[in-house]
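Trainee: Take a look at the letters that make up each chain.
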Amino acid sequence: MSSTEQGTSSAAPAEPTTAPESAAAPEVPESFYYVHGKDKVVHKVSAGALQHSALIHGMISNLGYTEEQAKANPFPFENIDGDILQMVVDWCNQHKGKPTPPEDTNLPKQKEKLFDLVLAVNYLEIKELLTYCCKQVAMMVKGKSPEEIREIWMIPTDAEDEAAEKEAKKRAGKEAAGETAAAAGDAK
Amino acid sequence: MINQRFPICRLPDDICLEVIKTMDHYEMISYSFVSKKAYAMVKSLRVSIVYNAIEMKELTEIKVVINHSRSICFKLTMRLQENDQEPTSFNDFPVSVNVSSDYLEGIDLTWSHQGLSLEQWIEHMSSIFEHDYPIFLEFYIGETRLTKPSFRNTLPKFKYIVVIICDHEPKDEDILYAENILRDLLPVVERARLHRVPLRKDFFVQHIGTANLKDLYLQSGCNVKFDDLLTLNVESLTIEGTRSISLRDLNRLFKLWIKGSFPKLNHLWIEMKTIIKPDWNVLLKGLKAKEVGDHKAFIIKTCRAVRAEIFLHYAD
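Protein chains in written order, with the UniProt record's numbering: chain A, 1 to 188; chain B, 1 to 316.
In short, the hints are calculated from the structure, not lab data.
Be aware that one or more of the hints could be misleading.
To be verified - Simulated crosslink set (DSSO-like; lysine-lysine; CA at most 30 Å straight-line):
#, chain 1, residue 1, chain 2, residue 2
1, B, K43, B, K57
2, B, K214, A, K144
3, B, K36, A, K174
4, B, K37, A, K113
5, A, K98, B, K290
6, A, K142, B, K37
All values derive from a computational prediction rather than experimental measurement.
All chains should be built: construct the whole structure from the sequences, respecting the hints.
Mentor: Here's what the structure looks like:
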């Protein structure tokens, strides 16, 4: 199990108040790493749990950090919200060294959180969790008609898409014209 | 009522594709109607199904057969013509689309036409998935009141056409309609199955005879004659329930085959209706057929040493 502690920054993380990983200690001592999200809260995670993330696994595989070095250099994930990172860490810990089941019912039911979770999991390259999240997203439209899907997934119609594209082009043209005028003014 | 929403468009395309991959076929079809981008995404996955069948009955039915136990059927109700003179066109929009499936029980699924005409519906539904077998296009003449199909060029992927005349005594307009369909589609299909379609001699020679079909299946009432067969250029021919071809005709056919006619033919099945027990000697006369086994099986050879097996069977 990992524990979480309020930190201050990635450069000077606070000392995490960690609980022992397991009552029955493994013969070879397990190495731990530290990660934090946008809220700077540092999470201690075992290398075994981090193996789920292809991104972090790739980062740590050649580092050979000592416990002290790992503590001093937590991996910063500034683009991930703290509560989302907590969910990811919890999931990695729960599924550490275990075969992943075909269904996972512990994923967030709030759609806004699920959206952020999908992005975070995709960024961290956690394939199994991404599959669960995608299934959860797909389940929202189970048995729905095209109109209902458009509403649930907030998909614009082709006409709205084209109008938005035209608007964006117009805006880009205006901005480009503004920049040219400003550059000409500077030159004078 | 929809109380929670999810902004899928804000997800990267590769994740959207992952989401679509986890969907069932019904949801994939439904999603493909949402926008052009959604359609392109579903299509890009090249999800495979067994086959699609388009049945032109009183309602047009589009069947998506996913596997041997799962299928989805879309029944398209067309607008009824007020004056009852003009037939419904393929360019008309369906009034509603009823969706049913053997695995979607208890869900009321009536869709709108989604802004697509009947022709566009057929095109859309035939192009979403990859098919193990060719798409079946079935016309039930007498039930369907659609104008002549115009999608020969827009839908070249139709390779299997089935034309069924529902009436035992068809009207002239039904026969003409069947001929029009065949005239339009025979040049592009590979397989054709005709049921109770009375084939007029000129039509057969000019259209069916010149078509490069892999498979031709003529079921009862197709009144095909021996002279008609001579024009055929098919790989597989099945004729069921014919009364107008005799054993003597078949003997002539085999003799021509031995001399090198019908080089593409590799399968021939003819089921004749007869009240007299057949004399197989009439059929085998002059073929130099060699009997093999005890089950009326014979081997004949062409002048180019191509071998063929003939199986004879008579049932009371």
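Trainee: None of the hints should be skipped; say for each whether it holds.
Mentor: Each hint tested on the structure:
1. The suggested pairing of K43 (chain B) with K57 (chain B) holds, with an alpha-carbon distance near 28 Å, which does not exceed 30 Å.
2. Simply put, K214 (chain B) and K144 (chain A) have alpha-carbon atoms about 41 Å apart, too far for the 30 Å limit, and the pair is violated.
3. Simply put, K36 (chain B) and K174 (chain A) have alpha-carbon atoms about 28 Å apart, close enough for the 30 Å limit, and the pair holds.
4. Taking the CA atoms of K37 (chain B) and K113 (chain A), the gap is about 25 Å. The hint holds against a cut of 30 Å.
5. Between K98 (chain A) and K290 (chain B) the alpha-carbon distance is near 68 Å, which puts this suggested pair outside the 30 Å criterion.
6. Between K142 (chain A) and K37 (chain B) the CA atoms are separated by roughly 20 Å; this keeps the pair inside 30 Å, and the hint holds.
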